[in-house]
Amino acid sequence: MSNAGARIPGAGRIDRNTRLAFTFDGRVLEGLAGDTLASALLANGVRLVGRSFKLHRPRGIYSAGVEEPNALVALRTGARAEPNVQATMAELWDGLAAESQNRWPSLAFDVMAVNGALARFMPAGFYYKTFMGPTRGSWMFYEPWIRRAAGLGRAARAPDPDRYERESAWCDVLVVGAGPAGLAAAIAAARSGVRVILAEQHATAGGQLLSERADSPAEQWRRACIDELESSANVRIMTRTTAFGAYDGNVFGALERVWDHVAAPPAGQPRQRAWTIHPGRVVLATGATERPLLFVNNDRPGVMLAEAARRYVNHFGVRPGNRVVVCTNNDSAYAAALDLDDAGAEVTVVDTRPAPGNDLLEAMRAAGIEVRRGARVVAARGRGQVSSVHVAATAGADDLDCDLLCVSGGWSPNVHLASHLGARPVYRADIGAFVPGTLPAAQSAAGALAGAFDADSAATEGWRAGLSAASADVGAPPPDGPTTAASPGYVQPEDGPSPRRRARGKIFVDIQNDVTADDVELAWREGYRSVEHLKRYTTLGMGTDQGRTSNINGLTLMAALRGDDIPNTGVTTFRPPFTPVSFGALAGGHVGPHFRAERRTPMHDWHAANGVEFMRAGAWLRPWYYRTHGEDADTAGIHEMRQVRGNVGMVDVSTLGKIDVQGPDAAEFLNRVYVNAWLKLPVGKARYGVMLRDDGIALDDGTTSRIGEHQYFMTTTTGEAAVVMSWLEFLLETAWTDLRVQVTSVTDQWAGVAVAGPNSRRVLVDALPGADLDDETLPPMGVRDAECDDGLPVRVLRVSFSGERAYEVYTPAGYGRDLWERIMDAGRPHGIEPYGVEALGALRIEKGHPIASELDGRTTLDDLGLGRMARTSKPFVGDVLRQRPALTAAGRRAFVGLKPVDASARLRAGSLLFSEGDAVDGHGIGHVTSAAYSPTLGTHIALAFLEGGREREGEIVRAVSPIHGEDVRVHVVAPVFLDPEGERIHA
Amino acid sequence: MLRIPCPFCGERDHHEFTYGGDASVTRPAYDDRSLDAWYRYVFVRTNPNGRHQEFWQHVGGCRAWIVVERDTRTHEIFGARLAEARHGDARHE
Numbered sequence: 001m002s003n004a005g006a007r008i009p010g011a012g013r014i015d016r017n018t019r020l021a022f023t024f025d026g027r028v029l030e031g032l033a034g035d036t037l038a039s040a041l042l043a044n045g046v047r048l049v050g051r052s053f054k055l056h057r058p059r060g061i062y063s064a065g066v067e068e069p070n071a072l073v074a075l076r077t078g079a080r081a082e083p084n085v086q087a088t089m090a091e092l093w094d095g096l097a098a099e100s101q102n103r104w105p106s107l108a109f110d111v112m113a114v115n116g117a118l119a120r121f122m123p124a125g126f127y128y129k130t131f132m133g134p135t136r137g138s139w140m141f142y143e144p145w146i147r148r149a150a151g152l153g154r155a156a157r158a159p160d161p162d163r164y165e166r167e168s169a170w171c172d173v174l175v176v177g178a179g180p181a182g183l184a185a186a187i188a189a190a191r192s193g194v195r196v197i198l199a200e201q202h203a204t205a206g207g208q209l210l211s212e213r214a215d216s217p218a219e220q221w222r223r224a225c226i227d228e229l230e231s232s233a234n235v236r237i238m239t240r241t242t243a244f245g246a247y248d249g250n251v252f253g254a255l256e257r258v259w260d261h262v263a264a265p266p267a268g269q270p271r272q273r274a275w276t277i278h279p280g281r282v283v284l285a286t287g288a289t290e291r292p293l294l295f296v297n298n299d300r301p302g303v304m305l306a307e308a309a310r311r312y313v314n315h316f317g318v319r320p321g322n323r324v325v326v327c328t329n330n331d332s333a334y335a336a337a338l339d340l341d342d343a344g345a346e347v348t349v350v351d352t353r354p355a356p357g358n359d360l361l362e363a364m365r366a367a368g369i370e371v372r373r374g375a376r377v378v379a380a381r382g383r384g385q386v387s388s389v390h391v392a393a394t395a396g397a398d399d400l401d402c403d404l405l406c407v408s409g410g411w412s413p414n415v416h417l418a419s420h421l422g423a424r425p426v427y428r429a430d431i432g433a434f435v436p437g438t439l440p441a442a443q444s445a446a447g448a449l450a451g452a453f454d455a456d457s458a459a460t461e462g463w464r465a466g467l468s469a470a471s472a473d474v475g476a477p478p479p480d481g482p483t484t485a486a487s488p489g490y491v492q493p494e495d496g497p498s499p500r501r502r503a504r505g506k507i508f509v510d511i512q513n514d515v516t517a518d519d520v521e522l523a524w525r526e527g528y529r530s531v532e533h534l535k536r537y538t539t540l541g542m543g544t545d546q547g548r549t550s551n552i553n554g555l556t557l558m559a560a561l562r563g564d565d566i567p568n569t570g571v572t573t574f575r576p577p578f579t580p581v582s583f584g585a586l587a588g589g590h591v592g593p594h595f596r597a598e599r600r601t602p603m604h605d606w607h608a609a610n611g612v613e614f615m616r617a618g619a620w621l622r623p624w625y626y627r628t629h630g631e632d633a634d635t636a637g638i639h640e641m642r643q644v645r646g647n648v649g650m651v652d653v654s655t656l657g658k659i660d661v662q663g664p665d666a667a668e669f670l671n672r673v674y675v676n677a678w679l680k681l682p683v684g685k686a687r688y689g690v691m692l693r694d695d696g697i698a699l700d701d702g703t704t705s706r707i708g709e710h711q712y713f714m715t716t717t718t719g720e721a722a723v724v725m726s727w728l729e730f731l732l733e734t735a736w737t738d739l740r741v742q743v744t745s746v747t748d749q750w751a752g753v754a755v756a757g758p759n760s761r762r763v764l765v766d767a768l769p770g771a772d773l774d775d776e777t778l779p780p781m782g783v784r785d786a787e788c789d790d791g792l793p794v795r796v797l798r799v800s801f802s803g804e805r806a807y808e809v810y811t812p813a814g815y816g817r818d819l820w821e822r823i824m825d826a827g828r829p830h831g832i833e834p835y836g837v838e839a840l841g842a843l844r845i846e847k848g849h850p851i852a853s854e855l856d857g858r859t860t861l862d863d864l865g866l867g868r869m870a871r872t873s874k875p876f877v878g879d880v881l882r883q884r885p886a887l888t889a890a891g892r893r894a895f896v897g898l899k900p901v902d903a904s905a906r907l908r909a910g911s912l913l914f915s916e917g918d919a920v921d922g923h924g925i926g927h928v929t930s931a932a933y934s935p936t937l938g939t940h941i942a943l944a945f946l947e948g949g950r951e952r953e954g955e956i957v958r959a960v961s962p963i964h965g966e967d968v969r970v971h972v973v974a975p976v977f978l979d980p981e982g983e984r985i986h987a
Numbered sequence: 001m002l003r004i005p006c007p008f009c010g011e012r013d014h015h016e017f018t019y020g021g022d023a024s025v026t027r028p029a030y031d032d033r034s035l036d037a038w039y040r041y042v043f044v045r046t047n048p049n050g051r052h053q054e055f056w057q058h059v060g061g062c063r064a065w066i067v068v069e070r071d072t073r074t075h076e077i078f079g080a081r082l083a084e085a086r087h088g089d090a091r092h093e
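Chains as they are written, first to last, in this note's numbering: chain A, 1 to 987; chain B, 1 to 93.
These are computed hints drawn from the structure, not numbers from a lab. Glycine included, C-beta positions come from ideal geometry on N, C-alpha and C. Accuracy of the hints is not assured; some may be wrong.
Stated by the list, open to error - Just some of the chain B residues that point at chain A, by a computed CB distance under 8 angstroms:
#1 Met1
#2 Thr18
#3 Tyr19
#4 Gly20
#5 Asp31
#6 Arg33
#7 Val42
#8 Val44
#9 Phe55
#10 Val59
#11 Arg63
#12 Trp65
#13 Arg81
#14 Glu84
To be verified - Each pair of labels, with its calculated beta carbon distance range:
#15 A:Pro479 - B:Ser24: 28 to 36 angstroms
#16 A:Met132 - B:Gly79: 37 to 45 angstroms
#17 B:Asn47 - A:Gln269: 46 to 54 angstroms
#18 B:Cys62 - A:Arg884: 30 to 38 angstroms
#19 B:Gly21 - A:Ala33: 42 to 50 angstroms
With the sequences and hints as input, model every part of the structure.
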């Protein structure tokens, strides 16, 4: 590394009194407060900062902003380690530790640099043509090697220790960008009295003004603007805040890097904050990015954007080189030449234009800076870094020694935010740049973004835009502008990037992704000629810098190859985010227990205090099994099943969906939504019902009770409760508005306990004194409301999910815990035990009751074997389309039971079914939906859907689970394993 | 981020609502047995580029089913009315 970097005495806005120690690749260096990692590295003469993505070429610092393609480092260590951080945006702190990436064993000696020698075998898209043989499976052989070689940095594996937040903000005017246009817009809006938010991605407001000297009139203007804004109560300045996306409804996403500029956030502080901003109107003042020129070896360390070099001199007080060549095709780089010369460098300007403006030439003559007119840089030379450039002109060619090569090929407005909502950018030939297309009424563009590249015009435009956004009088005269006297303004360049090289070597178009001009030509030759194809075939513009310094040059090359003009060639689509946004910031506080809302039953605390293991059913927490009954779900589940079948158990069923259906037309309503008949259900009786969707597929099932003449109590499955509720409301409000029915969700209003087993009635008689539970008054499918002697109100429904004698007891939710404990107390002498959904599920599998696993949105009534439930003499939802050919075709998968041939074999839900002797390929002839161990039968059992269904009873098929490596022969049986006549409910 | 003007609750963020499908199709009468009518209602949709009538339910608020007019290209919302209103008669006198 040469010693080319140096601090310029007295220059810059950094704090020379505060010194910071930092390391880069283990080397201890010193910087100053206000430095970025990049400026501090340059101050220490560090020129090599990374190795390129594909070819591992040495790379140096290229820019001073988010357009940086090369200087990507890994910051921090351990759980906070972060790859691909741009050194140009990383603010320096004391003790910062940075590592270069994509090199082994070291930056100076990188083994993978051999890729450079193999470059001719790795043009764009080479992997589409290689790694394809000798067999189709070969790709998976090469893939791990390629994966290891690809990528730039390494992500941390440990959980993120930092906190993040999400916030919303509202304002009348949002100004994005605090350059001259943005500052002026914010001032204009603020003086009008409206609420203003000014968002600036850098730590310091100023934009292009930060490249002006710290003792210039422009700097005074900048400070005055900031002072006024900071003292305005109606203005919120958000620095370190990137507006990363524009969204429908004029909403903007922004990322505030609250504490990214220190090693770790102070206690209790969030590291980053993601904002959703709802402005009334928006002024976009996002500026422009400098374009490079194209020449051979334009990626060498020591090649830098001209304006970036000027920024390092004037803002950071660093001279990035001692012998400088500034090559340009426009006026703006001349200011960089002057400031570098003032900083003590030896400067030569190479201008492709034969006749730059006389005032520029005069300024150069006065400063003693040589200007080569009508000349262009053809190649950069030097091993590892720039040491000379080869310049060609009509008069001839020669070499200039240099250690810094500043390039300026024009300016590309940052049209991203302006394009997110679909407004395609428009090409302006007069400035050689794309500017925003037609923006929505609430948005406007000002300044360099709109093509006004010099600060004075930008400020004037921004002022007007700010007034307009604040709905104030646009005619009010603007205050004095920044008067950047050193920069006379930008003039249209006369030509684009150099189309033809005259030297051997690589011309890089996308520096980060190692895409060369030859690659662009290759894409064109192979027919990938649209910009969208060019991008994806060559990966031009797909790196972490998103082609900020390459897109325009790339499409200009393609346009020339196509013989087309630039507007016709167009740009690719801009999508949020503008710069990367961490998942942490987007998640905000919704992590850990706050990731998902929790719904708890009224008996939750009792379960928690009594050894339960919970499981999630959507947002609900339900008892899965009780640890006192066994060490895991399998053993506890079997224990609990035995309890229910042999004695009595109780389970919390409060999560079931419950809907109150009332009105003179309630019966008619049920009759239309259910497949079976409801008009004649007497008060005090319940019935099992199935609902279909309009397309004939089963939607949900449940038990609905008639509580009163015009009142029904409907239950749904836990999972479909919300869907069914909305569905019923939809029918009543949009289609059957003449029905006099009211539906109300009462899921949370009722707690429910199912008591099941031969001793269930005995327990409930003791638990609910005063409630008449005789078999005559409460036969199977009977329901009655009752009040216990001490006033506890209950609704008792005699229904069985398990197949045993069973009751569902409901009480208003506030009494839920009380009810549970009463049943527990009354049941203790009988040996009652609680059970969870593990046993609940296994019990119903023994009986063949379908649940969500079977009602999965693909199955019909007939598939489920419930075809005879349908009362076809009355119209019901889904009746017509359930008879369409696809749903009645022969060979459809239908509901069956399975028992393993080998009684000790395990069956698994999700297994695929195959015939004996068939290869395990494709989707098989069926699938297993539910499986459990049946203690009653001493074997595993399963429910499944099988082509041909019940007609195959008695056959043997195979249940195959490739995930578990299991292939089990099974008997096809009826889908009910226990008590098919249903006699046990009378026990 | 769209704003939907609920007739009862006023302008609300679209996260408070669930989308309910095309409101420009008319559901066949509950006792209509025509396969063709149901097939069209369930499966056949135009895909307009421009203003579209659609159902939303204000599940995060009053739970009313409403009909919203939205431009499918720009997502501009032109208004919303109660779904019941489209039948012209009130359910409860």
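Next item on the list: Against chain A, run the beta carbon of Trp65 (chain B) and see if the smallest gap drops under 8 angstroms.
Entry: Hint holds; Trp65 (chain B) Cβ to chain A Cβ min 4 angstroms, cut 8 angstroms.
Check: Do the numbers back the hint for Val44 (chain B), that is, is its least Cβ distance to chain A under 8 angstroms?
Finding: At about 12 angstroms, which exceeds the 8 angstroms cut-off, the nearest Cβ of chain A leaves the hint on Val44 (chain B) violated.
Next item on the list: Could you say whether the range 28 to 36 angstroms given as a hint is met by the Cβ separation of Pro479 (chain A) and Ser24 (chain B)?
Entry: violated (54 angstroms)
Margin query: Min Cβ distance, Arg63 (chain B) to chain A: is it shorter than 8 angstroms?
Written below: For Arg63 (chain B), the interface hint holds, since the closest Cβ of chain A sits about 6 angstroms away, which is under 8 angstroms.
Notebook entry, point to check: Between Gly21 (chain B) and Ala33 (chain A), does the C-beta distance stay in 42 to 50 angstroms?
Noted result: Taking Cβ atoms as reference, Gly21 (chain B) and Ala33 (chain A) lie about 59 angstroms apart, which means the hint is violated.
Notebook entry, point to check: Quick one, is the Met1 (chain B) hint okay against chain A at 8 angstroms, beta carbons?
Noted result: Holds: closest Cβ of chain A sits about 4 angstroms from Met1 (chain B), inside 8 angstroms.
Note to self: Can you verify the interface hint for Thr18 (chain B): is its Cβ closer than 8 angstroms to any Cβ in chain A?
What the structure shows: Since the shortest Cβ distance to chain A is 7 angstroms, the answer is holds.
Checklist line | Hint validity - Arg81 (chain B) Cβ closer than 8 angstroms to any chain A Cβ | finding: The hint is violated - Arg81 (chain B) has no Cβ within 8 angstroms of chain A, the shortest such distance being about 12 angstroms.
Margin query: Next item in the hint list is Gly20 (chain B). Is there a CB on chain A closer than 8 angstroms to its CB?
Written below: This hint holds: Gly20 (chain B) lies near chain A, its Cβ roughly 6 angstroms from the closest one there, short of 8 angstroms.
Margin query: The hint says 37 to 45 angstroms between Met132 (chain A) and Gly79 (chain B); measuring C-beta to C-beta, is that right?
Written below: violated (56 angstroms)
Checklist line | Outcome of range test on Cβ distance (Asn47 (chain B), Gln269 (chain A); 46 to 54 angstroms) | finding: holds (49 angstroms)
Next item on the list: Would you settle whether the hint for Val42 (chain B) is holds or violated, based on the nearest Cβ-Cβ distance to chain A being less than 8 angstroms?
Entry: holds (5 angstroms)
Violated hints for the displayed structure, listed by number in ascending order: 3, 8, 13, 15, 16 and 19.
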